[in-house]
Amino acid sequence: MAKSLLIISRQAPWNGPSAREALDIALAGGAFDLPLGMLFLDDGVFQLAPGQQPTAVQQKNLAANLQALPMFGVEELFACSHSLTRRGLAADTLALPVQVLDDAALAALIARFDQVVTL
Amino acid sequence: MTTLHVIAHSPFGDERLASCLRLLGTDDALLLCGDAVYALRSGSEPHRQLQAAGLAQRLFALDEDVQARAVGNDLAKAVDYAGFVELSLHYDKVNSWL
Amino acid sequence: MKFAIAVFSPAHAPSSRRALRYAEAVLAGGHEIARLFFYQDGVHSASANVVAPQDELDVAGQWRTFIETHQLDAVVCIAAALRRGVLDEAEANRYQRPAVNLPKPWELSGLGQLHEAAQVADRLVCFGGD
Numbered sequence: 001m002a003k004s005l006l007i008i009s010r011q012a013p014w015n016g017p018s019a020r021e022a023l024d025i026a027l028a029g030g031a032f033d034l035p036l037g038m039l040f041l042d043d044g045v046f047q048l049a050p051g052q053q054p055t056a057v058q059q060k061n062l063a064a065n066l067q068a069l070p071m072f073g074v075e076e077l078f079a080c081s082h083s084l085t086r087r088g089l090a091a092d093t094l095a096l097p098v099q100v101l102d103d104a105a106l107a108a109l110i111a112r113f114d115q116v117v118t119l
Numbered sequence: 120m121t122t123l124h125v126i127a128h129s130p131f132g133d134e135r136l137a138s139c140l141r142l143l144g145t146d147d148a149l150l151l152c153g154d155a156v157y158a159l160r161s162g163s164e165p166h167r168q169l170q171a172a173g174l175a176q177r178l179f180a181l182d183e184d185v186q187a188r189a190v191g192n193d194l195a196k197a198v199d200y201a202g203f204v205e206l207s208l209h210y211d212k213v214n215s216w217l
Numbered sequence: 218m219k220f221a222i223a224v225f226s227p228a229h230a231p232s233s234r235r236a237l238r239y240a241e242a243v244l245a246g247g248h249e250i251a252r253l254f255f256y257q258d259g260v261h262s263a264s265a266n267v268v269a270p271q272d273e274l275d276v277a278g279q280w281r282t283f284i285e286t287h288q289l290d291a292v293v294c295i296a297a298a299l300r301r302g303v304l305d306e307a308e309a310n311r312y313q314r315p316a317v318n319l320p321k322p323w324e325l326s327g328l329g330q331l332h333e334a335a336q337v338a339d340r341l342v343c344f345g346g347d
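Top to bottom, those sequences are chains A, B and C. So in the working numbering, the last one in the first sequence is 119, and the numbering has no gaps at all. So in the working numbering, the last one in the second sequence is 217, and the numbering has no gaps at all. So in the working numbering, the last one in the third sequence is 347, and the numbering has no gaps at all.
The set of hints was computed from the structure by calculation and includes no laboratory data. The structure presented is a predicted model; accordingly, all values stated were derived computationally and were not measured. Where is the CB? At the ideal position from N, CA and C, for every residue including glycine. Take the hints with a grain of salt, since some may be wrong.
As the list claims (entries may be wrong) - Taking beta-carbon pairs under 10 Å as the criterion, some of the chain C residues facing chain A (in silico):
| # | residue |
| --- | --- |
| 1 | F225 |
| 2 | H229 |
| 3 | A245 |
| 4 | G246 |
| 5 | G247 |
| 6 | Y256 |
| 7 | A265 |
| 8 | V268 |
| 9 | A269 |
| 10 | Q336 |
| 11 | A338 |
| 12 | R340 |
Stated by the list, open to error - Cross-link-like lysine-lysine pairs, in silico, BS3-like; alpha carbons within 27 Å at most:
| # | chain 1 | residue 1 | chain 2 | residue 2 |
| --- | --- | --- | --- | --- |
| 13 | C | K219 | C | K321 |
| 14 | C | K219 | A | K3 |
| 15 | B | K196 | C | K321 |
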């Protein structure tokens, strides 16, 4: 059975290519039909903020790639409740359908996956 | 499954250590290396956070980084690279906070 | 046991050196390295154009020697490398760039190689940051 991988993305979206390159790991794994999850943590939750206009800083729209995750078979998407609250982001306004988890649920989530990488 | 979390960034002005301590499972361990070993500086805020987390035998530090920075270390078990590899195998997976 | 080791930092970052020392310890412990994978700024750890000052550690050179000595599979992510100007001969020709800085033993390939390594290895261990 294929090993599952949880990718924890904690980079803000317009701070260089880090957020996009974390997402690319997920998209590449999804293309191989691997069991993948993606968790948005710390500044990574800013990737989920609604109404972003990346063209203002001449960047491609990351949200479009994020929305492709389920099409690539990456259906397990999570966000950290603590990180959202601390940044004034409301769970019901996010640009992507994610499960919002508290700290205890996040610990259980990390324990469930075979491999984890935090970018 | 258990996790060995690895942090290499300084805990000052960085959220990695704080977030890791929030998410750390009861059987998980933490290895500090690079500038993350500054968290072991006694009297510092992260040192207090590490003490409060009560990690006991589950807190490790890469010995060369502790020595290089002269932080002192009364909390973590010091390991060399062979020890780091052994820890990687003792726990079910390694989560590096890049 | 089999290890997949991924490097996310350039040769001048402490974490690139740490990854190298870790990789050496993996082999010294009688274990196997399924693949080394270089991603994000880690592609700079593979650059042949890094010139370390004479009195400083040449981590990029040590990576090359380590990989050649042990005949390891060392893959550099092609998308990350192109973005950062780390090119093998084929890519330098394709994009008509003046310099090649990724000769053998390194190999340019896709992120699928990271996933494949993670699947065959008992542990995926990543290095980056300070």
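Do the hints match the structure? See the list:
1. F225: holds (8 Å)
2. H229: Check failed: Cβ of C:H229 comes no nearer than 17 Å to chain A, outside 10 Å.
3. A245: Constraint on C:A245 not satisfied, violated at 24 Å.
4. G246: The hint is violated - C:G246 has no Cβ within 10 Å of chain A, the shortest such distance being about 20 Å.
5. G247: Status violated, d = 22 Å.
6. Y256: Given a least distance of 7 Å, the restraint on C:Y256 holds.
7. A265: violated (23 Å)
8. V268: Hint on C:V268: violated, closest Cβ of chain A at ~25 Å, above 10 Å.
9. A269: violated (25 Å)
10. Q336: Check passed: Cβ of C:Q336 comes within 6 Å of chain A, closer than 10 Å.
11. A338: It holds, given that the least Cβ distance between C:A338 and chain A is near 9 Å, below 10 Å.
12. R340: holds (8 Å)
13. C:K219 / C:K321: Holds, at about 23 Å.
14. C:K219 / A:K3: holds (14 Å)
15. B:K196 / C:K321: Given that 27 Å is the threshold and the Cα spacing comes to 40 Å, the pair is violated.
When held up to the earlier numbered hints, the structure conflicts with 2, 3, 4, 5, 7, 8, 9, 15 and fits the remainder.
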